[in-house]
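Visitor: Sequence:
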Amino acid sequence: MLLGPLLAQYEEALIAVGEEAESLSFAYRALKNWTFTDFVLALQKEVEVEDQALLDSIFEQLKQHIPAQYIIGSADFCGHVFTVDERVLIPRPETEELVALILEENDGEPLRVLDIGTGSGAIAISLALARLNWQVQASDVSEEALELAQENANQLEAVVDFKTSDVLDQIAGSYDLIVSNPPYISRDDLEEVGANVLASEPHLALFADRDGYAIYEKIAQQAPNVLTPDGKIYLEIGYKQGKKVKELFQEAFPNKRVRVLKDQFGQDRMVVVDNGSI
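When the count follows the numbering used here, it moves up by one through the sequence shown with no breaks and lands on 410 for the last residue.
These aren't lab readings, by the way, just hints derived from the structure by calculation.
Idealized CB from N, CA, C, for every residue including glycine.
Heads up, some of the hints might be wrong.
As the list claims (entries may be wrong) - Cβ-Cβ distance ranges computed for the label pairs, FRET-style:
#1 Ser189 / Glu275: 24 to 32 Å
#2 Ala232 / Glu154: 21 to 29 Å
#3 Asp301 / Leu138: 47 to 55 Å
#4 Leu235 / Ser189: 35 to 43 Å
Claimed, not checked - Subject to a maximum C-alpha distance of 30 Å in a straight line, what follows is the list of computed DSSO-like cross-link-like pairs (lysine-lysine):
#5 Lys177 / Lys164
#6 Lys375 / Lys394
#7 Lys295 / Lys350
#8 Lys375 / Lys350
#9 Lys376 / Lys350
#10 Lys378 / Lys388
#11 Lys372 / Lys350
#12 Lys376 / Lys394
#13 Lys388 / Lys375
#14 Lys164 / Lys195
#15 Lys295 / Lys195
#16 Lys295 / Lys378
#17 Lys177 / Lys195
Work the whole structure out from these sequences, hints included.
Guide: Below you can see the structure in the form of structure tokens.
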């Protein structure tokens, strides 16, 4: 059978089980190491036996709600390719906006940076690669996640110091910039989470107690002890959490400015704590 009609059959079956149709061609192209042009040219060609087996394998995994990035073993983030698997969340485009904001608002002066809940290391490594004179430390409660983050740092030749810690419990010293994309989904919002996310991505990195605010509350409680006087905090938040997270950090830092910023889709997505100089 030609590749085009065969893909169409698979995609129809994926849609029937609630998966995105394009995930199949995305994973197939990546595992074949094809450019988009290679893919388009192949659509009108007969599928070889080994490629049929590869398509079957990808299809079966997607049908079991395994994300395409786990199937290919990598995800793009801020122009870099990060290894990902079931130990960590897949980096999201919204988080790239957080990194871009940090780089835009902080020029090349040396800073001590802490990334709380680093997961794959995507934020910390991207910052370290973009600002070679920043001293970047990253923490996570999951030692398995930190193992993968270190692998990514080694692969991308980034200098990041990784440490096991539940928020700031095991963190010493002071920091000019604290960033975190913590678990923030309330368990009452399960219906908003995709089937492949629920089935495959680590729940420890997805869900937080106290209606999704538990980690923000702990950061707000502990951060005043380690943030420098001119220090800044950058947080990713859920789209419904802007008002509450702003209140938490305004109470913790009464003399600082707290902003709620929107993502490219117009949803509340970031909270920034600073001295109002920008």
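Visitor: State for each hint whether it applies.
Guide: Now for the hints, and whether the structure bears them out:
1. As the Cβ distance of Ser189 to Glu275 is approximately 30 Å, the hint placing it in 24 to 32 Å holds.
2. With their beta carbons about 25 Å apart, Ala232 and Glu154 fall inside the hinted range of 21 to 29 Å.
3. A beta carbon spacing of about 52 Å between Asp301 and Leu138 agrees with the range 47 to 55 Å that was offered as a hint.
4. Checked against the given bound of 35 to 43 Å, the beta carbons of Leu235 and Ser189, roughly 39 Å apart, stay inside it.
5. For the suggested pair Lys177 and Lys164, the alpha carbons sit about 15 Å apart, so the restraint of at most 30 Å is met.
6. Among the hinted pairs, Lys375 with Lys394 is consistent with the structure: their alpha-carbon atoms are about 12 Å apart, no more than 30 Å.
7. Distance hint between Lys295 and Lys350 is fulfilled; the C-alpha atoms sit about 18 Å from each other, no more than 30 Å.
8. Proposed proximity of Lys375 and Lys350 is supported: the alpha carbons are some 17 Å apart, at most 30 Å.
9. Annotation: proposed proximity of Lys376 to Lys350 holds, straight-line Cα distance about 14 Å (limit 30 Å).
10. Under the criterion of a C-alpha separation no larger than 30 Å, the hint pairing Lys378 with Lys388 is consistent with the structure, at around 11 Å.
11. At roughly 19 Å between alpha-carbon atoms, Lys372 and Lys350 fall within 30 Å of each other, so this suggested pair holds.
12. Only pairs whose Cα atoms come within 30 Å are accepted, and Lys376 paired with Lys394 is accepted, the gap being roughly 15 Å.
13. Of the pairs offered as hints, the one joining Lys388 and Lys375 holds, with about 16 Å between alpha carbons and a cut-off of 30 Å not exceeded.
14. Simply put, Lys164 and Lys195 have alpha-carbon atoms about 20 Å apart, close enough for the 30 Å limit, and the pair holds.
15. Between Lys295 and Lys195 the CA atoms are separated by roughly 36 Å; this puts the pair beyond 30 Å, and the hint is violated.
16. The suggested pairing of Lys295 with Lys378 holds, with an alpha-carbon distance near 27 Å, which does not exceed 30 Å.
17. Taking the CA atoms of Lys177 and Lys195, the gap is about 25 Å. The hint holds against a cut of 30 Å.
Of the hints listed earlier, the one the structure fails to meet is number 15.
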